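Chemist: Letter by letter, the chains look like this.
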Amino acid sequence: MIIDGSESSLRHFLGNLPAVDQVGADSRAAMLATRSIKTASKKWAIDLAISMVDLTTLEGADTPGKVKALCTKAVRPDPMDSSVPSVGAVCVYNDMVKIARTQLDAIGGGAIHVAAVTTAFPSGRASIEVKRQDTQDAINNGATEIDMVIDRGAFLSGNLGKVFDEIVLIKSLCGDRAHLKVILETGELVTYDNVRKASYLAMLAGADFIKTSTGKIAPAATAPVVLVMLEAVRDFYQLSGRRIGVKPAGGIRNTKDAIKQLVLVNETAGPEWLKPSLFRIGASALLNDLLMQRMKMREGFYSSPNYVTLD
Amino acid sequence: MSNFEYALAPESTAILNIAPQYGLFIGGKFVDSKSQQFFSTINPATEKVISQISLATEADVDFAVASARTAYNKVWSKLSAAERGKYLFRIARILQERAREFAVLETLDNGKPIRESRDVDVPLSAAHFFYHAGWADKLSHAGFGSDPKPHGVVAQIIPWNFPLLMLAWKVAPALATGNTVVLKPAETTPMTALLFAEVCQQAGLPDGVVNIVTGDGSTGALLVNHPDVDKIAFTGSTSVGKAIARAVSGTKKSLTLELGGKAANIVFDDAPIDETVEGIVNGIFFNQGHVCCAGSRLLVQENVSDQILEKLKHRMSQIRVGDPMDKNTDLGAINSSEQLARINELANSGDAEGAERWSPACELPTTGFWYPPTIFTGVTQAHRIAREEIFGPVLSVLTFRTPQEAIEKANNTPYGLSAGVWSDKGSRILWASQRLRAGVIWANTFNKFDPASPFGGYKESGWGREGGRHGLAAYVKGGK
Chain S
14 MIIDGSESSL RHFLGNLPAV DQVGADSRAA MLATRSIKTA SKKWAIDLAI
64 SMVDLTTLEG ADTPGKVKAL CTKAVRPDPM DSSVPSVGAV CVYNDMVKIA
114 RTQLDAIGGG AIHVAAVTTA FPSGRASIEV KRQDTQDAIN NGATEIDMVI
164 DRGAFLSGNL GKVFDEIVLI KSLCGDRAHL KVILETGELV TYDNVRKASY
214 LAMLAGADFI KTSTGKIAPA ATAPVVLVML EAVRDFYQLS GRRIGVKPAG
264 GIRNTKDAIK QLVLVNETAG PEWLKPSLFR IGASALLNDL LMQRMKMREG
314 FYSSPNYVTL D
Chain Y
646 MSNFEYALAP ESTAILNIAP QYGLFIGGKF VDSKSQQFFS TINPATEKVI
696 SQISLATEAD VDFAVASART AYNKVWSKLS AAERGKYLFR IARILQERAR
746 EFAVLETLDN GKPIRESRDV DVPLSAAHFF YHAGWADKLS HAGFGSDPKP
796 HGVVAQIIPW NFPLLMLAWK VAPALATGNT VVLKPAETTP MTALLFAEVC
846 QQAGLPDGVV NIVTGDGSTG ALLVNHPDVD KIAFTGSTSV GKAIARAVSG
896 TKKSLTLELG GKAANIVFDD APIDETVEGI VNGIFFNQGH VCCAGSRLLV
946 QENVSDQILE KLKHRMSQIR VGDPMDKNTD LGAINSSEQL ARINELANSG
996 DAEGAERWSP ACELPTTGFW YPPTIFTGVT QAHRIAREEI FGPVLSVLTF
1046 RTPQEAIEKA NNTPYGLSAG VWSDKGSRIL WASQRLRAGV IWANTFNKFD
1096 PASPFGGYKE SGWGREGGRH GLAAYVKGGK
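Residue numbers (this note's numbering), protein chains in the order written: chain S, 14 to 324; chain Y, 646 to 1125.
Hints listed in this document are in silico derivations from the structure and should not be mistaken for laboratory results.
In this text, all values refer to a predicted model and were calculated from it rather than measured experimentally.
Heads up, the beta-carbon is just placed ideally off N, CA and C, and yes, glycines get one too.
Accuracy of the hints is not assured; some may be wrong.
Claimed, not checked - Derived coverage of chain S by chain Y (criterion: at least 3 residues anywhere in the stretch with Cβ under 8 Å from a Cβ of chain Y; other residues may be distant): (1) 43-55; (2) 184-193; (3) 272-284.
Sequences are here, hints too, so could you generate the full structure?
Modeler: Next up, the structure:
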């Protein structure tokens, strides 16, 4: 045990983490964004990125039909090209989990995870009983990944024990049945120091993944934020021997952005993290751009957006 | 492909239009040297000859200085300051427009990675012209009196580590203040200066305001000793700087020198570790360590030295060494075989004196001049590699226990160009900066340059400043 979970042990551990210099983190991320990924590397990176997509729909207006269509796309992103890999997971609200699971299983997508956002997503402002029930419902409905939000109000006011305990509770509900992704909502944490602290807090409490954002708040998965989180998982592995995954979500809309994320992973956490079990990209529009770039690399020209399917 | 290997992403050299041989740029035209002697400039990454360059001898230097004098007397000194500024703005814009051409040529001739020439050298060069263009008609407000006067003809001698950028640092303030120029680029890197000559023509700069004479040390000596030169500005080694100072003493020539360095990069135990490691890498491996202000002496507080070194080694193993023209290359070629020999000699002295050498596993190309990123640990103040400027990708690591000890060690050098301080505590940064005897002190960053910021050294690192208001002072009579 690195910490015993008490407020004081958390405060001590997180307070002793090295600071993040904002200017330095920004310039490192900007430098890595200049990597030029071409030809065979680009092809490889596009397929890897597709396999890492958590294909997401989190709208109040979601319908069962839309979720089913999304599942079909998740299994076979390009209906005209079976060589395109399936995505990593489908990410939906709690009440759509069963529909998604049934649809995926019915069309040969048994290996694709269904991720549910829980714990009063996106704000996290509800009682612990509600959060527990929210998560339990998702697992009962067949979710194999839980994307929980942390209580930012508690974190920012210094109530670290409360945040920790909630993650521990949700992790215990997940048990062996579901992977736990902890959403930090970095846009509300604001400073990179906070991002680093929240990352460690989530990892210490048992997160399998740390995730940047809900997608409802801007800024979301900016490159320096992801850099700081990747440094955290890299160093946490040295500390604990456990590899924790990272999921940027929100604002990654095109292939260039996705490839920049993969470069960040490659040169920060290292190539061990370049697989869907340790890196995911929460997105919706991104998948179509990846498919269009893939077509372009194959055909040598850009196709009209009519050649990729609507979400 | 199972790993994320970056496929080759080479910048094309097709944009370049290189002549098989070049004359001297005197009086607004390329002219043949009187001696008709040539030397080759080569691509240090391949050892292939790029072009034949004229060696300027005494008659050529006389001609160049005379052209500069004529241009000064007849044209440049009669022009209004606002008109001078217009030419500088024009040059700055042309540099931006032809940025890619300059970046590719710089990388070809110098060996530095295209990422650096593209993102640092060329944009900063343009920025220097823009900055000084703005000063041209505002000199009476710069604190040098109501009507500051130029020196007249300025001789400028620049090094091979940042060929275009050092040209910009020299030429822009000289022209802004109303001087005319005879510039000598370094023997191994004349190409971008010759392309800059084309830019002067393109900008319609009056003939003779900028003259460029290529050659070796002998050409530089002729220029320094020329009786009709009013001011000398030199960037290069301390030994040559001392020789110039001796040659100029007793004459009316004014002199600025920007010389060597052995900068201390001081890491306190409360430093932001990850960014510090980046800063250490940037401090010593930027431009293959061919940087006079390179952070070549790392002073780490004892209690974090293991952690810093472990992270530094991990980060160094990711440095991509190879073809400078590849957009993903981090560390390019060493500029010349002479420099490579110098690096080897000093690094070998580190081994002989008992320091512990470490380099990541990296494959170096078989042709060209290369040196892997290297650190020496267990270095003390008494080691040669802690005292002499290596001017290569070699870092000496020393430790300290108390802040006082860090300052004492940092200042225990004949140099004093730059220093770095890494700490999350503002008061400690200020405390250290006040005690460090160096012209530039970076806090939680390294190798950051801006035309508005004066740059220059204490002690044997130089005389005078370049950049900012202080840099202008060197180009006006009696300027301080």
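Chemist: Each hint needs a verdict: does it hold in this structure or not?
Modeler: Results for each hint:
1. 43-55: holds (count 9)
2. 184-193: That given contact is violated, which follows from only 0 residues of the segment 184-193 of chain S lying within Cβ reach (below 8 Å) of chain Y.
3. 272-284: Coverage by chain Y holds for the segment 272-284 of chain S (5 residues, Cβ < 8 Å).
This entry does not satisfy hint 2, going by the numbered hints stated previously; all others are met.
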